[in-house]
Amino acid sequence: MTRFLIRRTLQGIFTLWVIVSLVFVLYFVAPHDPARLIAGRTVTPGLLRLIREQLGLTQPLWKQYLSFFGRLLHGNLGESYFTHQPVTKIIAQAVPVDISLAAGAGVIWLTLGLSVGILAARRPRSVWDRSATIFVLTGISFPTFILGLLLLYLLFFILTTHGISLFPGPGSYTPFTRNPLEWAHDLILPWITLALITAATYARLSRSSLLETLGEDYVRTARAKGLSERRVVYRHALRSALTPILTQFGVDLATLLGGAILTESVFGLPGLGYAVVYAIGVQDLPVIQGVVLVAAGFIVFANIVVDALYAVLDPRVRLT
Amino acid sequence: MSLTTIEIASSQLSGEPGERGAAILGRSPLRLALARMRTDPVVIIAGGMIALMALLAIFAPVISILTGHNPYNTDLINGTNQFGEPYGPGQNGFLLGTDNVGRDILVRIAYGARISLLVGTLATLLATVTGTVIGLTSGYYGGWVDAVLARLMDTVLSFPYLLVGIATASVFGPSVPLVVIIIAFFSWGTIGRIVRGQTISQKEREYVEAARSMGASDLRIMFVDILPNLLSPVIVLATLLIPTAIVFESSLSFLGVGVQPPTPSWGNMISDAQGSGLQNWWFWVFPSAALLVTTLGFNLLGDSVRDALDPRTERIFATRRRRSRRGPIPPAPLEAQLEAPLEGEA
Chain A
1 MTRFLIRRTL QGIFTLWVIV SLVFVLYFVA PHDPARLIAG RTVTPGLLRL IREQLGLTQP
61 LWKQYLSFFG RLLHGNLGES YFTHQPVTKI IAQAVPVDIS LAAGAGVIWL TLGLSVGILA
121 ARRPRSVWDR SATIFVLTGI SFPTFILGLL LLYLLFFILT THGISLFPGP GSYTPFTRNP
181 LEWAHDLILP WITLALITAA TYARLSRSSL LETLGEDYVR TARAKGLSER RVVYRHALRS
241 ALTPILTQFG VDLATLLGGA ILTESVFGLP GLGYAVVYAI GVQDLPVIQG VVLVAAGFIV
301 FANIVVDALY AVLDPRVRLT
Chain B
321 MSLTTIEIAS SQLSGEPGER GAAILGRSPL RLALARMRTD PVVIIAGGMI ALMALLAIFA
381 PVISILTGHN PYNTDLINGT NQFGEPYGPG QNGFLLGTDN VGRDILVRIA YGARISLLVG
441 TLATLLATVT GTVIGLTSGY YGGWVDAVLA RLMDTVLSFP YLLVGIATAS VFGPSVPLVV
501 IIIAFFSWGT IGRIVRGQTI SQKEREYVEA ARSMGASDLR IMFVDILPNL LSPVIVLATL
561 LIPTAIVFES SLSFLGVGVQ PPTPSWGNMI SDAQGSGLQN WWFWVFPSAA LLVTTLGFNL
621 LGDSVRDALD PRTERIFATR RRRSRRGPIP PAPLEAQLEA PLEGEA
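Here the protein sequences line up with chains A and B, keeping their order.
First residue of the first sequence: 1, per my numbering; consecutive thereafter.
First residue of the second sequence: 321, per my numbering; consecutive thereafter.
Honestly, the hints are just simulated from the structure, not real lab data.
As the structure is a computational prediction, the values presented were derived from the model and not from experiment.
A few of these clues could be false.
Claimed, not checked - Residues from chain B that face chain A, not an exhaustive set, calculated with beta carbons under 10 Å:
1) Ile385
2) Leu482
3) Ile486
4) Thr488
5) Ala489
6) Val577
7) Gln580
8) Trp601
9) Leu620
Don't be surprised by glycine CBs; every beta carbon is placed ideally from N, CA and C.
Start from the sequences, fold in the hints, and give me the full structure.
Right, dumping it as structure tokens:
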């Protein structure tokens, strides 16, 4: 186990290094000059040179690259070209939004997806199963931003124009620490958007996983012992059917923590995705670099945790 | 089971010359799958949805000529009313209405279909070929080649793809070829990983040993002997990759780093609509519907293709009942594998 964790951590660090280097190279291969963007349209060559020097852009590329990684080792991600805020601070401000998003949406999609999947698997080819299939196919075909806009239009725009204001419009977000009730109220539409789309995958996954375990010998044995169907499904089959779902859940949650770009831009939530879309618009490399690193870090970390957890949950899996 | 009946029935229907009707034809798995798909109502529905979009794409210039509306040019005189407001659906000869600058939404949707289908199929093709070749190489050679390639796939798969996608597009300046490359770059890993796993199990089979004993080269064994056995999962994955690629393109365009205005794309039309407030619902409802019909069509088709190619899997819209309700349900090997997010191997 320890050897596995060490090996996977080293691999994870390697992956992150590749990703960050790629983004770095991307921005220096590209024909663009951040100094010019900062300076604006009218600028003297002297001022341009000054800005470049300030940003450290006059140094050779390898030196910039090394100093970037040197700073990284000290937990310093540099500062924004434009606002001069430290990138770590920008990220620290945005992450709570994504944690809020992921927490609420995760609970909903796991409950919904599992319920639909179990319902479908217990009675294959029934009306329930077919409705579940339609739910799954619609869910995986719906682009996030369309569902978001649809909900926003139906539940915010139309209701508000009729004088009923049940749901908040885009751009509203209240931190949990300020007012938990308001927090949930502001996030309910983004939660539903993310949850409905993700739940489709979970319904499909839990259906096929549960069907597979229901066909196994030990389930037949359990039935032969005369256990109730409830007990067979929920105690015996579901437990081992849950393993792949848990894996998926870990990775999805981590991906979401790294920024739900589309949901955030539809609902105007100040999370990592919103921050990075803004930064990309003005080519603010340090911010982009930092967010990509954090987002990829979440995914890499979740993969390691999930693989380790897999071995704990399923004794047949041996870690190497 | 009932497969035999379909086989005989359809071979009689097709009435190939020189056959004596009763003779049972030898059929390749792919032809069997095609025969199964021909009797599947879901395939017909899905095919209809895709065909509708394809026709829209092909005849986009014709629609433009017939209506006399250009997809690119703003037309405030004919396209908006005397108050400068856009026309709603059905008003003044605009079937689906006009946008804020007086462009016909129907014509723009038709041109948007061209971009979506083009990007979807090209990116899928590129990703499938790359993923298959790399997966085959990785699985067949093993050793350090596999170590490097498998690591590469893992790295690509742990990219926050939309994030890196928009960053790349913004750096190089968004364009259609770049969008295709970005989508393919983030999609081949999934295919590569599954092809690799399948290759590892296939290369231990006797037929590979037989080929090698006859002096076949590595390339021949990989592409002539092993590859045909992997076609089923590859075809299924490719069909399901098309809608993903189309959604990816429209997401990039929605975020403003995909297809650039004035070229219409469903994504940038929806983004424009959001930018001008939601009051004119036809701005975004029709492009959204077009996008949904396309993705739903391909997802339905992908599901049916999977059912047809791998008859052991559960049929989703099964028309034939199994013998007993409570009977043991066969496991779903391919389906389970296609959906398994992480394989424990390696």
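Results for each hint:
The interface hint given for B:Ile385 is broken, as the beta carbon of that residue sits about 30 Å from the closest beta carbon of chain A, more than 10 Å. Checking B:Leu482 against chain A by beta carbon gives a least distance of about 5 Å; that is within 10 Å, so the hint holds. This hint holds: B:Ile486 has a C-beta 6 Å from the nearest C-beta of chain A, less than the 10 Å allowed. With 10 Å as the threshold, the beta carbon of B:Thr488 comes within range of chain A, its nearest partner Cβ sitting at about 6 Å, so the hint holds.
Interface restraint check for B:Ala489: the shortest CB-CB distance to chain A comes to about 9 Å, inside 10 Å, so the restraint holds. The closest approach between the C-beta of B:Val577 and any C-beta of chain A is roughly 7 Å, which is under the 10 Å cut-off, so the hint is satisfied. The restraint placing B:Gln580 at the interface with chain A is violated, with a minimum CB-CB distance near 14 Å, outside the 10 Å limit. About 7 Å separates the beta-carbon of B:Trp601 from the nearest beta-carbon of chain A, less than 10 Å, and the hint is met.
For B:Leu620, the interface hint holds, the least distance from its beta-carbon to any beta-carbon of chain A being 6 Å, beneath 10 Å.
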